[in-house]
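Residue numbers (my numbering), protein chains in the order written: chain R, 1 to 487; chain P, 488 to 850.
Please note that a few of the clues may not be correct.
Claimed, not checked - Derived pair list, reagent style DSSO-like, types lysine-lysine, alpha-carbon separation capped at 27 Å:
no.	chain 1	residue 1	chain 2	residue 2
1	R	K485	P	K758
2	P	K721	R	K486
3	P	K758	R	K397
Stated by the list, open to error - Residues from chain R shown here face chain P by an in silico Cβ test under 8 Å; the list is partial:
no.	residue
4	Q396
5	K397
6	D400
7	L462
8	I464
9	V473
10	K486
Keep in mind that the hints were calculated from the coordinates and are not lab data. All of these numbers come straight from a predicted model, not from anything done at the bench. All residues carry an ideal CB built from backbone N, CA and C; glycine is no exception.
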Amino acid sequence: MKNKIKYFLNSALFLIMLSNFVNGQSEDQCFKCHLELDDAESKLFKTDIHFTKGVSCAGCHGGDATSEDMEVAMSKEKGFIGVPIRKDRYQVCVNCHSDENKMKRWGSNLPTDQYENLKVSIHYQPSFNQQGPIVDCITCHSVHDIKRVKDPASKVYPTKITALCGDCHSSAEFMRRYNPALPVDQVAKYRTSTHGMLNAKGNPDAAECVSCHGSHEIQPVKDSRSLVYATNIPSVCSNCHSDAKLMAKYKIPTDQYDNYVSSVHGIALLEKGDLSSPSCNDCHGNHGAVPPGVESISKVCGTCHVLNMELFEQSPHKKAFDENDFPECESCHGNHLVKQATDEMVGTQKPAVCIDCHSADDDNKGFVVAGEMKKLIDSLKTRDSQTKVILDEAGQKGMDVSDAAFSLKDVRQVLIQSRTTIHAFNLDKFKEQIDEGFTLVNKAKITGEEAIDEFYFRRIGLGISTIVVTLLVIGLYFKLRKIEKKA
Amino acid sequence: MENGKKNKSKVFKWLDERYNLSGLIDFAKKKSVPKFRETIWYYFGGVALLLFVVQVISGILLLMYYKGTEDLAFESVYFISTKVSFGWLIRSVHSWSANLMVLSVFIHMFSVYFLKGFRKPRELTWYTGIGLLAISMAFGFSGYLLPWNELAFFATKVGTDIVGEVPLVGEPILKLLRGGEDVTGATLSRFFGFHVAIFPGIFVILLTLHLLMIQRQGIAEPEDYKNLPANEKKTIPFFPNFAMRELLIWLIVINILAILAVFFPWELGTKADAFSSAPVGIKPEWYFLFMFQVFKFLPGEILFLPGEFVGIVLFGIGILLWAIVPVWDRKTSKGGKNTILTYFGIFVIIFIIVFTILGFILD
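So that you can see chain R by itself, here it is in the shape it has in the complex:
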């Protein structure tokens, strides 16, 4: 039944369009009459892009626009449909906007995939009252006063789109019908962001909803097809932030994306597919995106690196960094190009970052502590590998040292914890932590050495017993010969 209605509507509309096209030059009697009646829609329609392109009222509503007789013009026979019903009204738009040839005939180069994109988007799901899709063309583009997208008067013009999206997305009452868990503060946040502030000033360059989420093809954030899915975000942001020409206007560098891609976070997210790794929005915010301030960097990094943040805040560095306006984590680890932290970052020789501020010249305490920490880490690592060699040797000798080998695995954990403890920049605390590793290594080493000693003890024991038994054999042999000779 639905298909039949659709088929009927399509056929009727096509005939209307065709007749309209044939009589394109003739006067639009519908518009003329309705304007004379001071009809609001007609007044709006005067500035509508469709009107300027020559699309008559009948183009959407059907009927005969050339007939002066109202009965004829608005007769069913002439295909008049009146106000299209909510459920299928998008068909009116689709009839032309999905047909490349028709669009060309109207002198338009607009793409014709909007409906195809809309069909698969989250917005096209049926509305709660089953009155068609949640969002159709008219919901965003309005009706009778549709403007070109690039026209500042358009409802979907970059500086207006936030308000348009906010009509639904800022309404808790509306949103809870579809997704009660979805926040409704995006517009409010956006207004606090650098993008939002520029946008509010009427700057169409600034990213707004569509710049990141797309338009017709919008998907839920957790859908991998979404433009703002975690792994897609870096490239979405780079659309503008890697555009040297655009960024030059705002004196913003454009190397963030390249740096991020080769950073430990970028590799984890983009190469390993680790969704827990931060993308641009995890540090800068999404709707409320701003560069994190100097004081808040450790908090931002600390959302994931909790312990490091807590330890840093207790450290003597906190006060010194605050006083000198040093960005916290960033001072040692960098920002977009955060590399895998290595033990070489600590110490008193290049490439240690400690020597960027601390030097040996003035018997600097930080320099001494950095050297000591590095020495302890290196020492534990060396003793760990030496112990592994001992345990391997014991294993190759057939001795069971699996318990010791297993406990040695905890050294790795101690090293990880010690590397975290470094952020307190407190030597006593660090020693307390790393000493656990030395205890483990010493225990395992003793076990390994004892196993090797046991191996040689077995060999020596065997040797002695073999000699004793062999001597007995020889003794017996001679005794026997003696006895048998006597006999």
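On the provided structure of chain R, position chain P as indicated by the hints.
Only chain P this time, still in chain R's reference frame:
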């Protein structure tokens, strides 16, 4: 020294008065063993006896820590091998000694066969010997499962499967051995029971009978030696000559055993998991390998009968013929030479050696 001798004689007198030790010594002095070029084979019975004693002692020591349940068997053997003082040595000695014991029993059996020691009047000694060999192999089969490792688990599965193919009684025996349809913890408990209680009991009874019969009838003389004129029959006294020779060989065996146990400690492998797939290259202990290999070579069907069934019947007939050799070998018992018997023996040895080697080489 003088005092020592005096004391010794006092003790001896005390014991002699009560237990007539002099009579025993006189008996021992008179006891002799025929001396001929094959005398060396006489020692393997003694070697098997020594190894049985080693098995009993090391087995009792293992029992102090071993736990015969599905959950704890593997862990307890691991504990014995790694934590118990000299546990590794005792376990290794027990495993190696078991293998050497089966080997000694085999050599002893073949030597008795070729020297025709089974002929009248020693038929019962032969039968008890066959029983002792069977129990030795059963000891090995049941003991192999006790560490409850992967190899043992699947080898037991295959081994008991073959038993299940025996006509008529196979299925009930299979269930009796496994304690159910499959090899499970019940099988382990059963094998543990067999290994430490039932088999030792039967073995000791058979061994006692075996030794008593030898003692009563004296050591068998080979036909060639028996037919020699009395003045040409050389003998050696049992005490001290033969006993010392035996002791000498025992010491050599102990040395070999210690070297094997220390240099080639018995591996434990991984714990058995009934749900894992059978590892590649499952093989039984070497003394079952020739039978296992023959079964692998058998086609699925022989003359409309299942291959394994035919194999079991043929093996059954072969083993029965071997066991009852005193019955069908009339010629030897009458003093004649039975060359068929010798050829049959040689054939059996070659057969066992060839198929055992094939079993080791082939996957």
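We went through each hint and held it up to the structure:
Proposed proximity of K485/R and K758/P is contradicted: the alpha carbons are some 58 Å apart, above 27 Å. Only pairs whose Cα atoms come within 27 Å are accepted, and K721/P paired with K486/R is accepted, the gap being roughly 15 Å. The straight-line distance between the Cα atoms of K758/P and K397/R is roughly 22 Å, inside the 27 Å bound, and the hint therefore holds. Interface hint at Q396/R: violated, since its Cβ lies 13 Å from the closest Cβ of chain P, which is beyond the 8 Å cut-off.
Hint on K397/R is violated. Least Cβ distance to chain P is approximately 11 Å, over the 8 Å limit. The interface hint given for D400/R is met, as the beta carbon of that residue sits about 4 Å from the closest beta carbon of chain P, less than 8 Å. A distance limit of 8 Å between C-beta atoms decides the matter here; for L462/R the minimum to chain P is near 4 Å, and the interface restraint holds. With 8 Å as the threshold, the beta carbon of I464/R stays out of range of chain P, its nearest partner Cβ sitting at about 11 Å, so the hint is violated.
At a threshold of 8 Å, the smallest CB-CB gap from V473/R to chain P is about 5 Å, leaving the interface hint in force. A least Cβ separation of about 11 Å between K486/R and chain P goes past the 8 Å threshold, and the interface hint is therefore violated.
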